[in-house]
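The listed protein sequences correspond, in order, to chains A and B.
No gaps in the numbering here: position 69 of the first sequence is 219 in our numbering, and each next residue is one more.
No gaps in the numbering here: position 339 of the second sequence is 927 in our numbering, and each next residue is one more.
Treat the hints as calculated values from the structure; they're not laboratory data.
Glycine is no exception: its CB is placed at the ideal position from the N, C-alpha and C atoms.
Incorrect hints may have been included.
Covered stretches of chain B, as calculated for chain A (at least 3 residues, CB under 8 Å) [stated by the list, open to error]: (1) 848 to 857; (2) 862 to 868; (3) 942 to 950.
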Amino acid sequence: MAVAVKIPLALRPATGGESAVDVEGETVAEVLEALFGRFSELRERIADERGALRRFVNIYVAGEDIRFLSGLATPVPDGSEVTILPAVAGG
Amino acid sequence: MSPSGAEFIRQIKAGIEEIDPAAVSELVGNGVAIIDVRESDEWAQGHLPGAKHVPRSYLESRIEGVVPDRSQRVVLYCASGNRSALAAHTLSNDLGYEHVASMTGGITLWKDRGYEVVVPRTFTPEQRERYSRHLLIPEIGESGQQKLLDAKVLLLGAGGLGSPTALYLAAAGVGTLGILDSDLVDLSNLQRQVIHNTARIGVPKVESAEETIHALNPDVNVVPYKTRLDASNIMEIISGYDIVVDGVDNFPTRYLLNDASVRLRIPVVSASVLGFDGQLSVFKPYEGPCYRCLFPEPPPAELAPSCGANGVLGVLPGTMGLLQATEVIKLITGAGEPAIGRLLLYDALAGTLDELKIRRDPACPICSRDPDSISDEEMGVFPDYDAFCAAAG
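Looking at chain B on its own, in the form it has when it is part of the complex (with noise of 0.2 Å):
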């Protein structure tokens, strides 16, 4: 006659090896793969430090996966230990793992004796769906969408650059966007800035920017600063973003953000534009050069060309801010290569795409020095700071 279930159980366990969740306490963070065969909704509630979670009904097409060496030791646990011992006998006689124990008494036991529980943060059905095709890429997967969703960008700039930036960022679940912009939305920035609409001119760029996020992602908080940066709220305003996107479109802006984000150590993804051409880079404080690294002064205003005044091709600083916008997620995720030392260079009528090499410079004024030693009198200011100001007007 066959046995019971809960007969056959017991044979199983009394063939494999069981230990206790004080033995397992002990072995939490020492290269021992301790294994979840729980259901989803059960490791939603909760899971040992350290865990991966295989479902026992996906053990033998994902183990592999996840312990990809039969000689590691594995540790695997249940809600009280009867799963998690089938699983033990399945990793042991069938898939020859040699070092395969079940916890007893599973988590259950676990946290009876007062044992640290991780409970991992969970999406939505909603988020799920929405996010589905990050979750599909290894690069991005769950850990790195909670990322995005925990990250704090600062667009400075809500025009050419900024909107296509903007825009995806806020697709990809950025949870917190601030905008900064004091511009209303005007005819001629419609050929480009296409996170504002015909409808919202004379309205600010921030509220304009806001709603179009709203409406493309309830997920994203947006924070609105309808406002100029400068010396005396640059601090504030940065503080605490881990990001900075930096779309504006004049010299001092720029000297005076890269000077801020130095002394608080905020890496800053930059671009810029001009005709049918466009810079890139990220600059990451002490980890690379700085944009004073880069350019040690601004031209003269006769001789610093802005958009305003010359053009630009109404597609490219499309290009450029989502070029920008993959950085920014680059860095959230820890993917691939930021462009940090290094200069890409857009040419949209060679249709090119070049790089220079930028070094720190020993002699920097800003980041060859300590952070706390710059002084919120020097933030912004070059040699011929006024004559630059008094000829740009």
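Okay, chain A solo, but in the shape it has when bound (with noise of 0.2 Å):
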């Protein structure tokens, strides 16, 4: 099933300057999975070595924190829409 990954500007050196993957998944840590498949590279920006996300960085289904979901088991559903979201303090 295709999803809508958004990436923030600061993980985007790691994905070649795309803004926007498409990936299959159907949780979010299989979605991630396949995101680090394409450009390994966010793995370690995202995940710790263990494998569990990164306290600085948020990841939301649908405009809502996994956190408050199912964090890395939270379904994805068909079309909906990934984002990525480090913690940013530019003044």
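Got two chains here, separate frames each, mind docking them using the hints?
Below, the structure written as structure tokens:
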């Protein structure tokens, strides 16, 4: 199932500048694995050594933070949008 | 022969209900519409508590806006009870209001009896002109403009975000603007920091900002702080402000501000910019999530890009700073829906504004607790804080 992942500016060097990437996956974990398969540099930016999400990166499915859903097991409905959001402090 | 004016008023009074100030004092605040029919300059000298102002000369055209329900009880008053008697006659006989009375003796007798009089804050003619476009929109109006003039807002940073925010809040008549920044104006700032100018290169940013604001609007009292925020000064600096606007350029200060503002229950209008992307949210302690609920930890320094290192479209902090100024005005006046619990994401290249939900984290290390239990030592601290600061140099 196709899912659109929005890549924030701070992570675009790892995707060759792409701001939205279509991947397949039924859960957030599967979507991320598919993403890391295409852009290996993203893995260490988003996940720690144990595969857990880094705490300064939030992931949203259809506008909801997966920390308040089922984490990496959160289902990703077909056609929904996944947003990766790192904290930014520029003023 | 036609009656004299005095006789005419006597006849009118005989045909309407008159009510004594003692009885009116019992009705104040009990769902009765109390209408002052005097002229504006008389109203400005003081009026009954809770009264609405409808000058007699505008009675027929404006009364429905103030009292739409013709069955509502209405008490009219003027200076001595004559104009209100004539107005009561009009409302009952010509406009079909069912329960209308005129207060005997007017506000003169009311005052003589020792009842409370409210003196409204007034605008100078210059202020009426300056803020006329605010006074014309009902969501702001006179009461909203008064709230803006009474408000105290602290801007953290007179840089990319703080410049446009300060300019528009000053123009809007926010009465007290605190501005905190330790830097001097630099040539590389002027691509986006529009409150400064070329002649002020080398001048402290707070001084430059104050000069620009005074030239724009002398109503605004600027309180400059040429310093950096740290754990030792933050509580003293932000106490007493109604709202803090966060436009700082580093993570340690953002966490420090979050923790102090939660302790003091001060709402923070927060934005950040990088490249072509902007983020904005309103963190209102205990009503919505705090910054730590959104981002429990900052990224490590090597992954924490700043504008200095990465660049930013000069217009972008303008856009985000003005969204911040808008949220500030909404919080002050109570108009609209503030962006509490929502993160707005502006993508300048795509030309899109997206929204993500931010929830209060029940395990939040700060805002899940009683604010009085948060100590000075914990403020602004996060795991790996020392490593972060060492890496950040």
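Which hints, by number, does the structure contradict?
-> 1
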